[in-house]
Amino acid sequence: MQLVISRDALVTDYIAVSGLSATLINVVLVMVFTLFIKRINHVELNGFVIAGLLTTMGFAFFGKNIYNILPIYLGVFLYARSVKRPFKQFFVIAMFATGLAPLVTVGINFGILGLIIGSVIAVGYGFIIPAIASHVIRFHNGYLLYNIGFSGGIVALILTAVLRVTGLDLEVVVNVNEAWDIHYILFAILIGMSLLFISFGLLRERFNWSRYKKLMSMSGRAVTDYYRIFGEGLMLVNMGIVGLMLTLLVAFSGIPLNGATVGSIISVMGFSAFGKNPKNIIPLILGCILMIIVSGTVITPSVLLVLIFVTGLAPIAGEFGFVIGIIAGILHFSLVQYTAEWQGGANLYNNGFAGGFIAGVISSIMDSIAKRSM
Amino acid sequence: MTNEIKKNGKIIDELVTYFLKKGHHQLRMDVNYSDAQTIITIWLDHVAAEELALIRECLTQGRDFAMEEYGWELMGESEVSAELNLVGMCIDEVEIDHVDENIIAIKLIRQHI
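Protein chains in written order, with this note's numbering: chain A, 314 to 687; chain B, 127 to 239.
Read the hints as simulated data drawn from the structure, not as lab findings. Just so you know, not all the hints are guaranteed correct.
Said to hold, decoys possible - The calculated EDC-like cross-link candidates involving lysine to aspartate or glutamate, where the alpha carbons are at most 20 angstroms apart (straight line), are:
(1) A:Lys526 to B:Glu199
(2) B:Lys136 to B:Asp161
(3) A:Lys397 to B:Glu203
(4) B:Lys136 to B:Glu203
(5) B:Lys148 to A:Asp494
(6) A:Lys351 to B:Asp161
(7) A:Lys397 to B:Glu176
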């Protein structure tokens with residue numbers, strides 16, 4: 314109960330709020346609900362759906378719960394009805410749109426009335442997000458994989474400004490697990506998941522290095538669906554490899570794993586069915602590490618989230634190469650330090666919001682250079 | 127469906143950009159638009175077997191309305207990147223035939239549902 318009625322703002326680790334058992338129950342509940350909606354709407358599996366499912370699962374560790382995602386689903390459902398199209402066409406958008414689930418508890422300090430107002434705002438957000446998302450995608454031209462994070466961030470930015478002007482100040486929270494015994498359990502979960510994905514992938518299909526090289530030769534720009542193009546065997550292997558890489562990167566950082574780092578790695582594994590691969594994420598992570606070294610930044614849980622989620626810019630590195638990927642990582646690391654505050658922690662996809670600006674700027678510059686050379 | 131003409135324009139834009147970037151500097155295209163469907167046919171010279179396999183892989187993915195809704199505005203937008211994945215997700219049927227030894231015809235059918 315404490316988990317459901319917590320403020321949920323970025324970064325609220327449910328393990329720190331209610332413990333590991335309650336968090337895992339929340340993950341199960343959120344996934345049962347999401348898979349039930351997927352099933353009754355006859356949504357077929359593809360890379361985009363897998364990315365949405367694992368992102369939902371990941372964020373159920375830190376910010377999404379069975380209560381605060383419902384109003385957003387309702388809003389997207391009402392939008393589908395209003396444009397007279399089946400909800401299944403918007404199911405994935407609804408899954409990602411729950412990144413603004415903390416809107417529901419934005420007025421939690423005002424009791425039941427605050428929760429009702431928050432829920433109404435969230436329904437309204439769900440209703441407008443499909444239209445905003447399809448428009449905003451042209452800003453970064455698909456070079457950011459977290460389009461709903463960017464679109465939702467714009468809405469959160471405006472809402473936060475309105476609420477702040479009216480006297481309701483929203484604050485970014487950093488409440489994460491710091492216990493090492495939990496760290497080892499979470500480490501085992503991540504390693505186990507990654508190895509399972511690799512094993513299932515290898516069982517489905519014998520590993521073929523030239524096919525994997527082909528997968529990594531794709532930029533990853535939206536829409537690159539590894540499930541459809543390469544089949545589930547190779548896709549699962551890619552998801553497992555990316556999961557292992559990030560788990561090892563974060564596990565030996567000296568900071569105990571928490572719900573946020575675990576959830577973010579699970580989410581990135583999901584996007585490894587939809588554009589991310591080792592080749593296009595490494596330059597971005599290196600760019601961030603370079604910036605950490607140069608700026609003397611102390612490693613904190615929030616810094617680790619940036620290292621993990623900078624990978625949303627994978628298409629930039631995949632399309633424009635290693636050096637531009639490093640530059641994107643450097644720029645992203647710098648900008649993302651400020652963007653959470655702009656949105657009052659209401660958008661769980663803070664890195665998606667910051668990444669949208671970086672992707673838009675870099676892709677427009679590179680497009681302009683390409684135009685001149687054509 | 128809405129935006130049918132606009133979506134067809136985007137598909138054609140992406141196709142032409144893709145094939146020009148891949149070095150097919152001579153290509154012919156025929157567009158047949160009706161209320162029920164759009165048929166786009168492209169004739170290309172000298173397509174290598176590996177390239178043809180990739181084209182086939184991308185274009186035969188099957189239509190995906192959710193993905194179409196999400197990303198159709200991206201087609202033809204980038205000067206740098208052109209890939210046929212999204213085109214494949216906006217297409218109901220694909221026929222790829224060898225007209226003669228050097229020329230292949232790619233026929234794309236898109237229902238206006």
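Structure-based check of all given hints:
1. A:Lys526 to B:Glu199: At roughly 29 angstroms apart (the allowed maximum being 20 angstroms), Glu199 (chain B) and Lys526 (chain A) break the hint.
2. B:Lys136 to B:Asp161: Holds, at about 18 angstroms.
3. A:Lys397 to B:Glu203: Distance of about 28 angstroms is beyond 20 angstroms: violated.
4. B:Lys136 to B:Glu203: 8 angstroms, holds
5. B:Lys148 to A:Asp494: 55 angstroms, violated
6. A:Lys351 to B:Asp161: 32 angstroms, violated
7. A:Lys397 to B:Glu176: The hint is violated at about 42 angstroms.
Violation of the numbered hints given earlier is confined to hints 1, 3, 5, 6 and 7; the remaining hints are satisfied by the structure.
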